Amino acid sequence: EAGVTQSPTHLIKTRGQQVTLRCSPISGHTSVYWYQQALGLGLQFLLWYDEGEERNRGNFPPRFSGRQFPNYSSELNVNALELEDSALYLCASSLGRYQETQYFGPGTRLLVL
Amino acid sequence: KQEVTQIPAALSVPEGENLVLNCSFTDSAIYNLQWFRQDPGKGLTSLLLIQSSQREQTSGRLNASLDKSSGRSTLYIAASQPGDSATYLCAVRPYGNNRLAFGKGNQVVVIP
Chain L
1 EAGVTQSPTH LIKTRGQQVT LRCSPISGHT SVYWYQQALG LGLQFLLWYD EGEERNRGNF
61 PPRFSGRQFP NYSSELNVNA LELEDSALYL CASSLGRYQE TQYFGPGTRL LVL
Chain A
1 KQEVTQIPAA LSVPEGENLV LNCSFTDSAI YNLQWFRQDP GKGLTSLLLI QSSQREQTSG
61 RLNASLDKSS GRSTLYIAAS QPGDSATYLC AVRPYGNNRL AFGKGNQVVV IP
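Residue numbers (my numbering), protein chains in the order written: chain L, 1 to 113; chain A, 1 to 112.
Don't read these hints as lab results, they were simulated from the structure.
Every value quoted in this text rests on a predicted model; they were computed, and no experiment measured them.
Treat the hints loosely; a few may be bogus.
[Unchecked claim] To give a feel for the contact side, a few chain L residues facing chain A, derived at Cβ under 7 angstroms:
{"id": "1", "residue": "LEU43"}
{"id": "2", "residue": "PHE45"}
{"id": "3", "residue": "ASN56"}
{"id": "4", "residue": "PHE60"}
{"id": "5", "residue": "LEU90"}
{"id": "6", "residue": "THR101"}
{"id": "7", "residue": "GLY105"}
Think of the CB as a built atom: it goes at the ideal place given N, C-alpha and C, for glycine as much as any other residue.
Next up, chain L with everything else stripped away, as it sits in the complex (with noise of 0.2 angstroms):
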């Protein structure tokens, strides 16, 4: 069975650019998370979607934001890039809201110049 992909696995942008990274979950799963891990920082919770809805959100400015498709698979747009946005972006599938294991992908790294 497939994990959770990432694309793409490493991306150059410079400031103010808008980004794009995308997420496809393991099959059958309906629960996307996305975090954010930046140097010295830990790991950083950004977004969930379920069931195509946004269900909660991390402390991040609004000009993070997101989308689930209705096969599941998630988008995650960071527009007006900043330096500090330089970080692992890192995508979690679980089966359903209500279940416990969340399952990472590789994650896309980002650098802003």
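Knowing the structure of chain L, use the given hints to seat chain A on it.
Frame of chain L, contents of chain A only:
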């Protein structure tokens, strides 16, 4: 707000020694606690998940304990091997919430 702390931040041990990694959390109203492994630049691999009603979980050389009332969990890795070198992350899931709160990790190096 849930705060998760992992001590020590980094440690090195000779091969064969037992590893003891500590995690503490400030709010005991948790649904479960999970230990993950992260290799450099990679995603997370789930190691053990302990429900709030459980005291410990074991998988092979790994054993994790949970003392919810004191807000502590410990991950034991028996007879460490160089392949155990990685960062180990502790995460708690609060009641009524699917967002995991992570510690900053224990970076482990096992010296051959």
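Results for each hint:
no., hint, result
1, LEU43, "holds, 4 angstroms"
2, PHE45, "holds, 4 angstroms"
3, ASN56, "holds, 6 angstroms"
4, PHE60, "violated, 12 angstroms"
5, LEU90, "holds, 6 angstroms"
6, THR101, "holds, 6 angstroms"
7, GLY105, "holds, 5 angstroms"
The structure shown violates just one earlier hint, number 4.
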